[in-house]
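Engineer: Please put together the full structure from these sequences, using the hints given.
Those sequence lines, one after another, are chains A and B. Numbering of the first sequence is given in this note's numbering, commencing with residue 1 and proceeding in unit increments. Numbering of the second sequence is given in this note's numbering, commencing with residue 391 and proceeding in unit increments.
The reader is advised that the hints may include incorrect statements.
As the list claims (entries may be wrong) - Here are the simulated distance ranges between beta carbons: (1) A:ARG52 - B:LYS571: 33 to 39 Å; (2) B:LYS720 - A:ASN277: 35 to 41 Å; (3) A:HIS224 - B:LYS574: 44 to 50 Å; (4) A:ARG52 - B:ALA426: 44 to 50 Å; (5) A:LEU50 - B:GLY490: 38 to 44 Å; (6) A:ARG47 - B:THR521: 18 to 24 Å.
What the hints assert, rightly or not - Far from chain A, by Cβ distances over 12 Å, these chain B residues were calculated: (7) VAL663; (8) PHE699; (9) SER760.
Don't read these hints as lab results, they were simulated from the structure. Only a predicted model underlies this, so the values are computations on that prediction, with no experimental measurement involved. Idealized CB from N, CA, C, for every residue including glycine.
2 protein chains.
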Amino acid sequence: MRLIFAALFLISSIGQAADCLTRGTGDLGIIIERAAGSVKVIETTRRKVLFRVKGLGDLSHASVVYSRDARYAYVFGRDGGLSKVDILCGTLVKRVVQGGNSIGGAISQDGRLIAVSNYEPGGVKIFSAETLALVADIPATQTPKGKGSKTVGLVDAPGQRFVFSLYDTNEIWVVDMNDPKSPKLTQFKEAGLQPYDGLITPDGRYYVAGLFGEDGLTLLDLWHVEKGLTRILSHYGKGEQQLPVYKMPHLEGWAVAGNQAFLPAIGHHEILVVDHNSWQATGRIPVYGQPVFAIARPDGRQIWVNFAFPHNDTIQVIDTETLKVIKTLKPGKGALHMEFAPRGEEVWISIRDLDQVKIFDTTTLEQIGSLPVDKPSGIFFTSRAHKTGL
Amino acid sequence: MRLIFAALFLISSIGQAADCLTRGTGDLGIIIERAAGSVKVIETTRRKVLFRVKGLGDLSHASVVYSRDARYAYVFGRDGGLSKVDILCGTLVKRVVQGGNSIGGAISQDGRLIAVSNYEPGGVKIFSAETLALVADIPATQTPKGKGSKTVGLVDAPGQRFVFSLYDTNEIWVVDMNDPKSPKLTQFKEAGLQPYDGLITPDGRYYVAGLFGEDGLTLLDLWHVEKGLTRILSHYGKGEQQLPVYKMPHLEGWAVAGNQAFLPAIGHHEILVVDHNSWQATGRIPVYGQPVFAIARPDGRQIWVNFAFPHNDTIQVIDTETLKVIKTLKPGKGALHMEFAPRGEEVWISIRDLDQVKIFDTTTLEQIGSLPVDKPSGIFFTSRAHKTGL
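Structural biologist: Put into structure tokens, the structure is as follows:
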């Protein structure tokens, strides 16, 4: 009889364990289902959906970072929700609504802290990656209306730091979290009008803020914060001929390949080529529409570009040596996001209006597979766990 | 009664399952125990040993690559053994002795193929990553003595290729494995005398072979194999003053940081600085001994160097901006290998004669931990699964 009870106990605990997978997490990823407020957990080796996880709130503009063990995905929702998803068990481990309207997040170099930037009420909140307990609350500068500035362009940086921009008060802040109980702030004023997004170069050295209120960009060398801010590419922006801008490009998508960086022009049907050492523009590549993301294949040989409405049914591939478009693909309407396999052999593209993610071989440029995903947007593979600024 | 049988059946299958871990593999790694022919499976988050796996043969000069899901480590032993280790279960899944004396291996871009280069009988063999079944056997050019040339410097390259050098017949070969049943070979003769090791740049574009028989190095641009080989750095090598060389430096350890590459000089107490665009030498940094590995912190701000006997108790840290040694550490005799956490916050160093791996914070340059490991040599973290040429 005792044995039978033991057996029943075992059966019930197996029932739980069986829901979780014992497998490596190196080839896994998350795809955002923007309308349903859910995510699909996928694996890239056999191109399969493993789980669907629901109840993540408003994911209409969501992003994801990974724990250092690549088991947990932290999903930042538009509604200020921060959700911790276990991708081996397909479960929502915890969810906190930490702000009124959030715009992105980052994970610290050591993997212990999650930072979230907020539109409402502004500022940055920092949480324990393990428990999602609040560790630090960094309010933004007050605007004349008595509200905290919107914070944008939040990234992690080497040295256990976070960097972000203050949209309403034209600032860039660096937070040193080496002592989590007493964040050390370095604040730069006069960062240019309305910084609306930011990026950090793949080596984690340069932070660049895009400006909505004027042309040009603002550069901070994180190896030499004592030198302060530098304005670069003064002709980059909306310019005097105020063109209709259907969607501001994502700076996180900026591609660095060799000595060149490739920037989506704002409002123009162009990709700008920039010398990554001098930060001077060296060329322009005409493309099919207003670019949103320009992403380098991991070996730097190609740049893949998607576009704002009404050209968002198209993807173009640029050769980084000849600076020519070598292929124009028409994968379907709502081609919103692209993610390369970490070693670059394939790229996954969300096609919102087809409820599909399409997979392309990056050598033949042919489609080699697809997966059903409900209104897919962002795609995030676990290899991001090992990278700075992603 | 049936239930009891079911219970017993469950207990026995749980017994097996319980040995395996359900956890992410992003923070795991392997440390070679060179004398015991075993490996330790470790995790970096809590700095713990998870498993010891024995029976891997002669690991006196071993290296490791990872499956694309980061669950399996392929260990290349000196005795020609190729071992597949399950790092979630701590088990040796399979072991084949594929050659008489092997010197390293690589995994294909898509993760499906494992290539091993051999001294004896020479040539490269390519195996299924899943089963370790032989897929292709590529014999080397015969030497005048009727033996196959030793093959060295084997790396993976984008486009599902492998690249390696033939020591005895002075060649560099490229194998295209897009069709695994019919490997396509591109062979370059007159690659310089006795290429003894090779590296591929982190972007996967340039293959560089070091020469034992003459000064200089040989460069192959894999974006333009039609242009053939180029000789570079003609003063790099043992030179006319034939100094005693205690250990030829490892080319795989070459550090690329920004536009600079840092090369261990051969026989000299120096690190060479090379412009990564022009492949011209631009400087020399005096160091404590004959360098073996010169490895860049992932953000490119520091180069960490270890040394050949009798200076192998020392590690030096170089600042890549000032090109000065900023710290000399004395971690213990037999400081054989270093591995950075993927985002660079710490470095793990094998100290053979102390039977310890010591862990250093790369900001403070202070020791922050250690682990007991029997005669440790190579350290390999799973983040290598996502990189070309590692």
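Engineer: Give a verdict on every hint.
Structural biologist: So, going through the hints one by one against the coordinates:
Distance hint check for ARG52 of chain A and LYS571 of chain B: the Cβ-Cβ separation is about 38 Å, which falls inside the suggested range of 33 to 39 Å. Checked against the hint of 35 to 41 Å, the pair LYS720 of chain B and ASN277 of chain A passes, with Cβ atoms roughly 37 Å apart. Hint check: HIS224 of chain A to LYS574 of chain B, Cβ distance near 48 Å, so the stated range 44 to 50 Å holds. The given range of 44 to 50 Å is respected by ARG52 of chain A and ALA426 of chain B, whose C-beta atoms sit roughly 46 Å from each other.
Range check, LEU50 of chain A to GLY490 of chain B: Cβ separation about 42 Å, and the 38 to 44 Å hint holds. Our hint of 18 to 24 Å for ARG47 of chain A and THR521 of chain B holds, since their Cβ atoms are close to 20 Å apart. In this structure VAL663 of chain B is separated from chain A by more than 12 Å, as the shortest Cβ-Cβ distance comes to about 16 Å. Under the 12 Å C-beta cut-off, the non-interface status given to PHE699 of chain B relative to chain A holds; the minimum distance is some 33 Å.
For SER760 of chain B, the non-interface assignment is confirmed: its Cβ lies about 18 Å from the closest Cβ of chain A, beyond the 12 Å cut-off.
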